[in-house]
Amino acid sequence: GAGVSQSPRYKVAKRGQDVALRCDPISGHVSLFWYQQALGQGPEFLTYFQNEAQLDKSGLPSDRFFAERPEGSVSTLKIQRTQQEDSAVYLCASSFSTDTQYFGPGTRLTVL
Amino acid sequence: QKEVEQNSGPLSVPEGAIASLNCTYSDRVSQSFFWYRQYSGKSPELIMSIYSNGDKEDGRFTAQLNKASQYVSLLIRDSQPSDSATYLCAVKNNRLAFGKGNQVVVIP
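Protein chains in written order, with my numbering: chain A, 15 to 126; chain B, 24 to 131.
Source of the hints: derived by calculation from the structure; they are not laboratory data.
Using N, Cα and C, we set each Cβ at its ideal position, and we do this for glycine too.
Any given hint might turn out to be false.
Partial list, computed: chain A residues near chain B (C-beta under 7 Å) [said to hold, decoys possible]: (1) Y24; (2) A52; (3) Q55; (4) P57; (5) F59; (6) A102; (7) L105; (8) D113; (9) P119.
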């Protein structure tokens, strides 16, 4: 079946712009995770949803980062007033439980 | 101390040899452990999960877990050029915590 999909795959933003990153999880997966991966580093946890409920947002680096999953399926990660340090690959993963996570291809965000 | 440590630098191994990767973690109550492979420019792909002490083998991959010493390792036997990638160790408590990864280069 279809895997996790993310769009856009690449996004270039000018500093101060708002961006929205989309994740379509595997059908039927109740758990959805967002990660930020800087160059040469492992993914860093941002936030976690179980269905539509955001159960953990402790990894969001600032109040400029906001995530939602209103119908328990598609999720959007929004970054307001982007800064250069926000440049990274943003990975979405989904899971039927909370154990084995399947990753999407990621969105590479570059903030100029 | 980071939750998950992978301190080795890039590992170069000749084709056919064994590649050995190590990972330590800080939280003693961790119960689930994973190895992901990540090719350059791609997303992480799960290759092994291990939950209890000892060895777990899957094809050319063997994961080893020692909870008392808080380390997890991955052995890749008969290394192939297609194994050249970054290998990420991940440990699950409330969330999945990743190490920074170890790059493996298999030399034909």
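*Honestly, which of those hints from before does the structure not fit?*
Structure breaks hints 1, 2, 6.
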